[in-house]
Amino acid sequence: MHDLPRVVLSFWKLLQRHPKRVTAIVATLAAVSGGGAFAVASLGPDPSTFPVREVLEAVEPLPLQPQVQALDQLQLQLRRSTTTRATDTTDSLLQRLGIADPDAAAFLRCDPLARQALLGRSGRIVRAEANARHELTELTARWVLTDEDRDFQRLVVRRTDRGFTSEWQRAPLVASHRLASGTIDSSLFAAADAARIPDAVTIQLAEIFASNIDFHRALRKGDRFSVVYESLEADGEPLRAGRVLSAEFVNDGKTFQALWFQEAGKKGQYYDFSGKSLQHAFLASPLAFSRVTSGFSLRFHPILNQWRAHTGVDYGAPTGTPVRAVGDAKVEFAGVQNGYGNVVILRHRNGAQTVYAHLSRIFVRVGQSISQGETVGAVGATGWATGPHLHFEFRVNGRPEDPLKIARTAEAVPVSPAARPAFEQVARTMRINLRAADGYDLAAAQ
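Each residue of the sequence shown is one higher than the one before, counting from 470 in this note's numbering.
Among the hints, erroneous ones may be present.
What follows is a list of derived Cβ distance ranges for each label pair [stated by the list, open to error]:
id, residue 1, residue 2, range
1, Arg693, Thr855, 36 to 42 angstroms
2, Arg639, Leu588, 16 to 22 angstroms
3, Ser591, Glu843, 48 to 54 angstroms
4, Gly808, Arg686, 22 to 28 angstroms
5, Thr788, Leu588, 29 to 35 angstroms
6, Ala687, Thr615, 30 to 36 angstroms
7, Thr855, Val805, 16 to 22 angstroms
8, Arg665, Val805, 28 to 34 angstroms
Hints listed in this document are in silico derivations from the structure and should not be mistaken for laboratory results.
By construction, the Cβ of each residue, glycine as well, lies at the ideal position given by its N, Cα and C atoms.
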């Protein structure tokens with residue numbers, strides 16, 4: 470205890486000689502040991518001892534007009550897009566595009582190219598550019614004339630110093646590849662919609678596998694499909710779906726595959742990965758999509774009120790639904806026939822006949838040559854029918870046969886030996902693409 474005054478005196482002398490360092494040490498020890506809120510002093514030089522010099526410099530502001538012009542340029546880069554509607558007027562179209570420009574509206578109303586391209590047309594992509602005053606500086610519309618066209622049409626309307634000008638252009642579509650997959654829960658279209666697959670691609674899928682899968686009654690919940698298809702773009706924007714390049718469909722545990730291949734000098738078609746053509750002599754169904762209401766079996770006749778053998782397949786569909794020939798043929802009969810109502814009978818190359826009954830309209834004549842898939846009539850309820858549907862029969866040597874079985878047993882032609890190396894190269898690429906498509910889960914991607 471006698472040493473305490475001596476320690477205090479020594480500390481006091483040290484504090485007088487080095488006040489800043491002692492204060493820093495004490496503050497640090499206090500912060501570490503006590504955890505309190507302390508400000509730690511710097512051990513460096515005291516900033517208050519630094520020399521201070523004041524510097525004044527005049528700053529010239531930028532002229533206002535160039536800034537306004539730069540803002541206008543920024544506004545010009547802000548684009549708005551919409552899709553034309555059949556009920557559009559010039560004013561309604563410009564309003565959706567955010568354009569408030571009487572001069573532009575007057576030009577579009579009077580210009581023949583603009584009227585032809587925009588008014589009364591639906592589904593055409595329109596993009597507009599405007600200045601800061603919402604005046605039109607440029608308008609571009611893009612569309613294709615037919616689903617088979619590989620070029621697109623472009624209308625360009627521009628503001629110039631002398632007013633507006635219009636120009637009609639034609640340019641090639643650019644194809645890119647898209648991958649997608651889906652799982653059947655209720656229907657093919659519902660699964661494709663969930664995977665954001667265009668309807669045109671969905672229809673192609675059904676057509677490709679039509680001879681192997683009965684999409685009317687053979688789909689099962691949990692069936693899965695993958696597809697690689699073309700997306701046809703105009704100026705970098707998708708305009709429409711193109712051809713399906715390869716596809717895989719797992720139906721009731723059985724896998725079906727297809728790829729598009731064209732031999733030199735021949736028409737392109739779909740093959741399985743072994744090189745066997747998927748284009749059979751007969752389609753499985755004369756309708757693209759419908760539901761089967763009565764199969765090939767014994768049934769209770771709804772009009773005669775008695776059990777009778779049903780010699781065909783009935784497809785329920787709305788009146789007017791197109792009916793297609795299931796194979797190449799000649800028209801043997803086209804007219805009215807007893808309970809069949811309006812009916813078309815085709816005779817095929819192997820002597821078989823197909824019958825299309827209860828039609829609302831007939832589009833062919835006797836003796837006419839018909840190609841597979843060509844429309845022969847429209848669904849109706851003529852003859853002995855209780856509602857709109859198609860009665861379809863397949864006759865071999867005059868005897869009715871199950872159309873679904875005939876389609877599956879039809880012979881298919883393989884890839885020629887000369888084209889085999891090129892086919893194998895395409896098949897290797899498509900196998901890789903289909904594996905990638907099958908691994909792509911849209912729901913997970915979102």
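*CB of arginine 665 to CB of valine 805, is that within 28 to 34 angstroms?*
Violated, at about 46 angstroms.
*Regarding serine 591 and glutamate 843, is the given constraint of 48 to 54 angstroms on their beta-carbon distance met?*
With Cβ atoms ~27 angstroms apart, the hint is violated.
*Indicate whether the distance between the beta carbons of glycine 808 and arginine 686 respects the range 22 to 28 angstroms.*
holds, 24 angstroms
*Okay, threonine 788 versus leucine 588 on CB: inside 29 to 35 angstroms?*
holds, 31 angstroms
_Range first: 36 to 42 angstroms. Now tell me if the beta carbons of arginine 693 and threonine 855 are that far apart._
37 angstroms Cβ-Cβ, so the 36 to 42 angstroms window holds.
*Does 30 to 36 angstroms hold as the CB distance between alanine 687 and threonine 615, or does it fail?*
holds, 32 angstroms
*Take the C-beta atom of arginine 639 and the C-beta atom of leucine 588, compute their distance, and say whether it sits inside 16 to 22 angstroms.*
holds, 20 angstroms
*Given the hint of 16 to 22 angstroms, check if threonine 855 and valine 805 actually sit that far apart at their C-beta atoms.*
The hint (16 to 22 angstroms, Cβ to Cβ) holds, given that threonine 855 and valine 805 are roughly 18 angstroms apart.
Consistency with the previously given hints fails for numbers 3, 8, ordered from lowest to highest.
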